[in-house]
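Colleague: Sequence:
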Amino acid sequence: MPLAYWCVLVAALLPLFWAGYAKAGGTVDNHCPRESTNDLPPKHRRAYAAHYNAYENFPLFAAAVIIAITQGATLSTVNALAVIYVLLRIVHGVLYVIDQPTARSIVYGLALFTSIAIFVLPAFG
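Numbering (mature numbering (1 follows the signal peptide of the UniProt record, and there is no 0)), first residue to last: -24 to -1, 1 to 101.
This list has only true hints and no planted wrong ones.
Here are the simulated distance ranges between beta carbons:
# : residue 1 : residue 2 : range
1 : T78       : L(-22)    : 30 to 36 Å
2 : L36       : S12       : 25 to 31 Å
3 : I74       : M(-24)    : 33 to 39 Å
No lab work stands behind these hints: they were computed from the structure.
Every residue, glycine too, gets a C-beta built ideally from N, C-alpha and C.
Build the full structure now, drawing on both the sequences and the hints.
Modeller: Written out as C-alpha coordinates, the structure reads:
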(Lines of atoms letter the chains of each structure in order from A and count residues from 1; the text may use other names and numbers.)
(Lines give C-alpha, C1' and ligand atoms only; values in the text may rest on other atoms or scores of the structure.)
Protein backbone atom coordinates (compact mmCIF):
# COMPACT_ATOMS: atom_id res chain seq x y z
CA MET A 1 0.00 0.00 0.00
CA PRO A 2 1.40 3.44 -0.90
CA LEU A 3 2.88 5.61 1.84
CA ALA A 4 0.44 8.34 0.79
CA TYR A 5 -2.48 6.16 1.92
CA TRP A 6 -0.86 5.82 5.35
CA CYS A 7 -0.57 9.62 5.39
CA VAL A 8 -4.32 9.81 4.78
CA LEU A 9 -4.84 7.66 7.87
CA VAL A 10 -2.53 9.86 9.96
CA ALA A 11 -4.31 12.99 8.72
CA ALA A 12 -7.67 11.42 9.57
CA LEU A 13 -6.53 10.69 13.13
CA LEU A 14 -4.75 14.01 13.72
CA PRO A 15 -7.94 15.88 14.73
CA LEU A 16 -8.47 13.35 17.51
CA PHE A 17 -5.04 14.14 18.92
CA TRP A 18 -5.85 17.86 19.06
CA ALA A 19 -9.23 17.17 20.67
CA GLY A 20 -7.59 14.93 23.26
CA TYR A 21 -5.05 17.59 24.08
CA ALA A 22 -7.80 20.20 24.36
CA LYS A 23 -9.86 18.04 26.70
CA ALA A 24 -6.82 17.31 28.86
CA GLY A 25 -6.68 21.00 29.73
CA GLY A 26 -9.74 21.09 31.91
CA THR A 27 -13.20 19.76 32.45
CA VAL A 28 -15.21 19.18 29.29
CA ASP A 29 -18.81 18.06 29.61
CA ASN A 30 -19.03 15.15 27.21
CA HIS A 31 -22.81 15.64 26.96
CA CYS A 32 -22.22 18.99 25.23
CA PRO A 33 -18.47 19.23 24.61
CA ARG A 34 -18.64 22.15 22.19
CA GLU A 35 -20.40 24.31 24.74
CA SER A 36 -17.95 23.60 27.55
CA THR A 37 -14.80 24.29 25.52
CA ASN A 38 -15.22 28.02 26.25
CA ASP A 39 -14.24 27.25 29.84
CA LEU A 40 -10.89 25.71 28.85
CA PRO A 41 -7.61 27.61 29.21
CA PRO A 42 -6.71 29.57 26.04
CA LYS A 43 -4.14 27.14 24.62
CA HIS A 44 -6.57 24.25 25.04
CA ARG A 45 -9.34 26.24 23.33
CA ARG A 46 -6.90 26.83 20.47
CA ALA A 47 -6.20 23.08 20.37
CA TYR A 48 -9.94 22.56 19.92
CA ALA A 49 -9.85 25.06 17.07
CA ALA A 50 -6.93 23.11 15.55
CA HIS A 51 -9.10 20.00 15.87
CA TYR A 52 -11.88 21.58 13.83
CA ASN A 53 -9.45 22.96 11.26
CA ALA A 54 -7.84 19.55 10.80
CA TYR A 55 -11.24 18.02 10.07
CA GLU A 56 -12.11 20.83 7.66
CA ASN A 57 -8.95 20.33 5.63
CA PHE A 58 -8.93 16.54 5.58
CA PRO A 59 -11.43 15.91 2.71
CA LEU A 60 -9.42 17.80 0.07
CA PHE A 61 -6.22 16.02 1.04
CA ALA A 62 -7.80 12.55 1.09
CA ALA A 63 -9.52 13.11 -2.24
CA ALA A 64 -6.35 14.53 -3.78
CA VAL A 65 -4.30 11.48 -2.77
CA ILE A 66 -6.89 9.02 -4.06
CA ILE A 67 -7.38 10.93 -7.31
CA ALA A 68 -3.66 11.37 -7.94
CA ILE A 69 -2.87 7.70 -7.38
CA THR A 70 -5.82 6.33 -9.34
CA GLN A 71 -5.16 8.71 -12.23
CA GLY A 72 -1.54 7.69 -12.70
CA ALA A 73 0.50 10.34 -10.92
CA THR A 74 4.07 9.35 -10.09
CA LEU A 75 3.76 7.46 -6.82
CA SER A 76 7.03 8.70 -5.36
CA THR A 77 5.92 12.31 -5.86
CA VAL A 78 2.50 11.67 -4.32
CA ASN A 79 4.15 9.94 -1.36
CA ALA A 80 6.61 12.79 -0.81
CA LEU A 81 3.92 15.47 -1.02
CA ALA A 82 1.63 13.49 1.30
CA VAL A 83 4.37 13.30 3.94
CA ILE A 84 4.99 17.04 3.55
CA TYR A 85 1.26 17.69 3.98
CA VAL A 86 1.08 15.66 7.21
CA LEU A 87 4.16 17.40 8.62
CA LEU A 88 2.72 20.81 7.74
CA ARG A 89 -0.58 19.94 9.41
CA ILE A 90 1.24 18.88 12.58
CA VAL A 91 3.19 22.14 12.58
CA HIS A 92 -0.06 24.01 11.94
CA GLY A 93 -1.63 22.50 15.05
CA VAL A 94 1.40 23.26 17.19
CA LEU A 95 1.42 26.86 15.97
CA TYR A 96 -2.29 27.08 16.76
CA VAL A 97 -1.74 25.87 20.33
CA ILE A 98 1.23 28.17 21.01
CA ASP A 99 -0.65 31.14 19.51
CA GLN A 100 1.45 32.07 16.50
CA PRO A 101 -1.27 33.24 14.08
CA THR A 102 0.90 34.61 11.27
CA ALA A 103 3.15 31.56 11.08
CA ARG A 104 0.09 29.33 11.43
CA SER A 105 -1.58 31.02 8.46
CA ILE A 106 1.55 30.61 6.34
CA VAL A 107 1.76 26.91 7.19
CA TYR A 108 -1.97 26.53 6.50
CA GLY A 109 -1.44 28.02 3.03
CA LEU A 110 1.52 25.73 2.35
CA ALA A 111 -0.52 22.66 3.34
CA LEU A 112 -3.42 23.80 1.15
CA PHE A 113 -1.03 24.35 -1.75
CA THR A 114 0.38 20.85 -1.15
CA SER A 115 -3.09 19.29 -1.38
CA ILE A 116 -3.75 21.18 -4.61
CA ALA A 117 -0.38 20.07 -5.99
CA ILE A 118 -1.22 16.44 -5.24
CA PHE A 119 -4.63 16.86 -6.87
CA VAL A 120 -3.24 18.26 -10.13
CA LEU A 121 -0.24 15.89 -10.45
CA PRO A 122 -1.97 13.58 -12.95
CA ALA A 123 -2.49 16.51 -15.32
CA PHE A 124 1.28 16.96 -15.59
CA GLY A 125 2.44 13.37 -15.63
